[in-house]
Amino acid sequence: MANPIIQIKDVRKRFGHVEALRGVSLDIEEGEVVVIVGPSGSGKSTLLRCINRLEEYEKGSIIVDGMLLDNNQNINAVRREVGMVFQSFNLFAHLTVMQNLMLAQNIVRKRSKQEAEKVSRELLVKVGIPEKAKSYPSQLSGGQQQRVAIARALAMNPKVMLFDEPTSALDPEMIKEVLDVMASLAGEGMTMLVVSHEMGFARAAANRVIFMDEGQIIEQATPDEFFTNPTQERTRLFLSKILHL
Amino acid sequence: MDKQLKDNPNRELSFVTGGEVNIRQDPWWWLVAVVIAVVALLVMLQPVPFKEIVVFARDGILITILVTVTSYFLMLVLGLFGGLGRLSKNKLVFGISTLYVEIIRGIPLLVQLIAWYFASPVLIQKIGLWLNFTPLITYRANPIITAIVAITVCYGAYMSEIVRSGIQSIPKGQMEAARSLGMSHLQAMRHVVLPQAFRVILPPMGNEFIALLKDSSLVSVVAVADLTRRGREFMSAHFNPIETWLMVALLYLILTLVAARVVSYIEKRSRYDR
Ligand SMILES: Nc1ncnc2c1ncn2[C@@H]1O[C@H](COP(=O)(O)OP(=O)(O)OP(=O)(O)O)[C@@H](O)[C@H]1O
Ligand SMILES: [Mg+2]
Numbered sequence: 001m002a003n004p005i006i007q008i009k010d011v012r013k014r015f016g017h018v019e020a021l022r023g024v025s026l027d028i029e030e031g032e033v034v035v036i037v038g039p040s041g042s043g044k045s046t047l048l049r050c051i052n053r054l055e056e057y058e059k060g061s062i063i064v065d066g067m068l069l070d071n072n073q074n075i076n077a078v079r080r081e082v083g084m085v086f087q088s089f090n091l092f093a094h095l096t097v098m099q100n101l102m103l104a105q106n107i108v109r110k111r112s113k114q115e116a117e118k119v120s121r122e123l124l125v126k127v128g129i130p131e132k133a134k135s136y137p138s139q140l141s142g143g144q145q146q147r148v149a150i151a152r153a154l155a156m157n158p159k160v161m162l163f164d165e166p167t168s169a170l171d172p173e174m175i176k177e178v179l180d181v182m183a184s185l186a187g188e189g190m191t192m193l194v195v196s197h198e199m200g201f202a203r204a205a206a207n208r209v210i211f212m213d214e215g216q217i218i219e220q221a222t223p224d225e226f227f228t229n230p231t232q233e234r235t236r237l238f239l240s241k242i243l244h245l
Numbered sequence: 001m002d003k004q005l006k007d008n009p010n011r012e013l014s015f016v017t018g019g020e021v022n023i024r025q026d027p028w029w030w031l032v033a034v035v036i037a038v039v040a041l042l043v044m045l046q047p048v049p050f051k052e053i054v055v056f057a058r059d060g061i062l063i064t065i066l067v068t069v070t071s072y073f074l075m076l077v078l079g080l081f082g083g084l085g086r087l088s089k090n091k092l093v094f095g096i097s098t099l100y101v102e103i104i105r106g107i108p109l110l111v112q113l114i115a116w117y118f119a120s121p122v123l124i125q126k127i128g129l130w131l132n133f134t135p136l137i138t139y140r141a142n143p144i145i146t147a148i149v150a151i152t153v154c155y156g157a158y159m160s161e162i163v164r165s166g167i168q169s170i171p172k173g174q175m176e177a178a179r180s181l182g183m184s185h186l187q188a189m190r191h192v193v194l195p196q197a198f199r200v201i202l203p204p205m206g207n208e209f210i211a212l213l214k215d216s217s218l219v220s221v222v223a224v225a226d227l228t229r230r231g232r233e234f235m236s237a238h239f240n241p242i243e244t245w246l247m248v249a250l251l252y253l254i255l256t257l258v259a260a261r262v263v264s265y266i267e268k269r270s271r272y273d274r
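Here the protein sequences line up with chains D and X, keeping their order. Just so we're aligned: the first sequence equals residues 1 to 245 in the numbering used here. Just so we're aligned: the second sequence equals residues 1 to 274 in the numbering used here.
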């Protein structure tokens with residue numbers, strides 16, 4: 001069997017006194033969809049941000065697609081292969097949707113304008129908003145913005161996609177349109193690491209659910225097992241809280 | 001927008017008639033027109049001394065514009081680097097730019113001008129003597145260049161802070177999104193952060209231009225023959241302070257009012273882009 005596409009070994013990270021990650025180890029296989037859940041402050045975002053080095057970790061190692069995240073060159077190489085979708089979308093406010101999709105294709109992937117435009121149009125069709133190419137982010141709904149953000153990340157042809165609570169800033173009626181895009185991406189075999197408390201998505205699309213608390217992985221299992229038969233007391237406590245919302 | 005057009009037929013007209021667009025859209029142009037008319041009237045009705053003053057001060061106006069525009073663009077460049085330096089993670093770069101900003105902002109521009117003009121040549125000559133290097137020993141300050149340097153250095157410090165706060169006003173997520181797409185820090189700055197920060201700092205940038213235009217009158221104390229100095233020369237030759245300073249003030253007013261209109265036009269344009 002091939003090596004895991006992401007290998008995380010005993011990663012530790014602290015912010016001043018706060019230990020955000022206390023020795024996290026995790027392997028992600030190619031094509032796997034992993035959902036991470038856990039209470040606020042448990043280190044879920046920090047873990048994702050360490051994988052593309054938006055945060056630096058102090059101890060341990062992270063290898064993405066065979067590249068160890070240590071020098072600057074590798075960091076940029078890894079970032080090209082890893083797409084990230086943020087809770088707050090973070091679309092470039094001064095650019096149109098089309099320009100948002102094209103910018104990094106031009107200057108990072110060095111694609112020609114025609115090629116970048118073709119890729120962008122296809123992706124906008126894929127996320128269901130081809131008619132918004134000329135709009136600015138401020139003219140879109142939250143759900144549309146998040147779909148553009150997904151398309152923007154996909155435009156770089158990443159091997160892995162990281163999602164940090166992609167739907168938690170959205171109005172309820174827009175959550176589904178974003179989850180649908182993510183589910184179809186999972187169906188195509190994209191490797192995905194998703195921080196989300198959307199249990200429906202986890203049950204439908206995930207291969208594995210991971211529970212984090214206080215900077216550690218407490219439990220991991222298939223969605224079925226995880227939601228119906230958690231082994232750890234802390235997991236049960238957490239699930240009872242979010243399932244009764 | 002469409003509704004406004006219908007409610008106000010004059011507005012609709014203004015879009016067709018090209019030349020008047022500015023005046024119709026921005027009523028403050030009328031003030032400019034009125035001040036220019038007053039000057040024209042004074043010059044025509046009382047050529048002595050008003051026309052004489054204008055003719056005498058003509059080259060002074062050009063020097064004022066030259067000094068203002070040159071130091072403005074130079075100080076924008078300096079302010080960009082100063083602002084980036086104030087945000088640098090490199091301690092040396094951060095330290096130097098912070099020191100620059102804090103020291104320069106604590107000294108009056110007039111004192112800086114005088115120091116550049118009278119003190120720096122002596123210093124350079126002393127260094128020349130020490131190195132035994134003739135071009136430095138015989139160094140003489142060129143008034144206009146010295147004035148431009150002094151204003152650039154001084155205004156660059158204020159501009160650095162404007163640039164810094166402009167960049168800081170852009171949400172961190174913009175930089176993170178750019179970096180996560182594989183852009184380098186420099187690319188992200190250039191293509192994502194700075195274009196957005198530019199819109200934020202445009203209004204204070206415009207204010208700086210007008211402030212600099214007015215402060216440029218200080219260069220008259222270091223032998224630059226700008227509008228103010230030419231006014232002083234005219235007054236001492238003809239002993240008519242009231243007429244002289246009325247005219248000089250009106251000429252400055254025309255310059256600043258026109259500049260203010262141009263600034264507000266540019267601001268509006270950049271807002272419509274979005
Ligand atoms: N930039 C930072 N500076 C200081 N402390 C931070 C920073 N980022 C995160 N932390 C702290 O690290 C811990 C883990 O934060 P993290 O954002 O990873 O949690 P999370 O599981 O994503 O929580 P949430 O569900 O609220 O998003 C928290 O205690 C948080 O306060
Ligand atoms: Mg988080």
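Hints are computed from structural coordinates only; laboratory data are not their basis. Since this is a predicted model, take the numbers as computed values, not measurements. Careful, some of the hints might be misleading.
[Said to hold, decoys possible] Computed list of lysine-lysine pairs in DSS-like fashion (alpha-carbon distance at most 30 Å, straight line):
#: 1; chain 1: D; residue 1: Lys118; chain 2: D; residue 2: Lys59
#: 2; chain 1: X; residue 1: Lys172; chain 2: D; residue 2: Lys113
#: 3; chain 1: X; residue 1: Lys91; chain 2: X; residue 2: Lys214
#: 4; chain 1: X; residue 1: Lys268; chain 2: D; residue 2: Lys134
#: 5; chain 1: D; residue 1: Lys9; chain 2: X; residue 2: Lys89
[To be verified] Here are some, though not all, of the chain X residues that point toward chain D, as calculated from beta-carbon distances under 7 Å:
#: 6; residue: Ser120
#: 7; residue: Met175
#: 8; residue: Gly182
#: 9; residue: His185
#: 10; residue: Val192
#: 11; residue: Pro195
Yeah, the Cβ is synthetic: ideal placement off N, Cα and C, and Gly gets one too.
Hints and how they fare:
{"no.": "1", "hint": "Lys118(D) <-> Lys59(D)", "verdict": "violated (42 Å)"}
{"no.": "2", "hint": "Lys172(X) <-> Lys113(D)", "verdict": "holds (28 Å)"}
{"no.": "3", "hint": "Lys91(X) <-> Lys214(X)", "verdict": "violated (36 Å)"}
{"no.": "4", "hint": "Lys268(X) <-> Lys134(D)", "verdict": "holds (21 Å)"}
{"no.": "5", "hint": "Lys9(D) <-> Lys89(X)", "verdict": "holds (29 Å)"}
{"no.": "6", "hint": "Ser120", "verdict": "violated (41 Å)"}
{"no.": "7", "hint": "Met175", "verdict": "violated (9 Å)"}
{"no.": "8", "hint": "Gly182", "verdict": "holds (4 Å)"}
{"no.": "9", "hint": "His185", "verdict": "violated (10 Å)"}
{"no.": "10", "hint": "Val192", "verdict": "holds (5 Å)"}
{"no.": "11", "hint": "Pro195", "verdict": "holds (5 Å)"}
Checked against the numbered hints above, the structure breaks hints 1, 3, 6, 7 and 9 and satisfies the rest.
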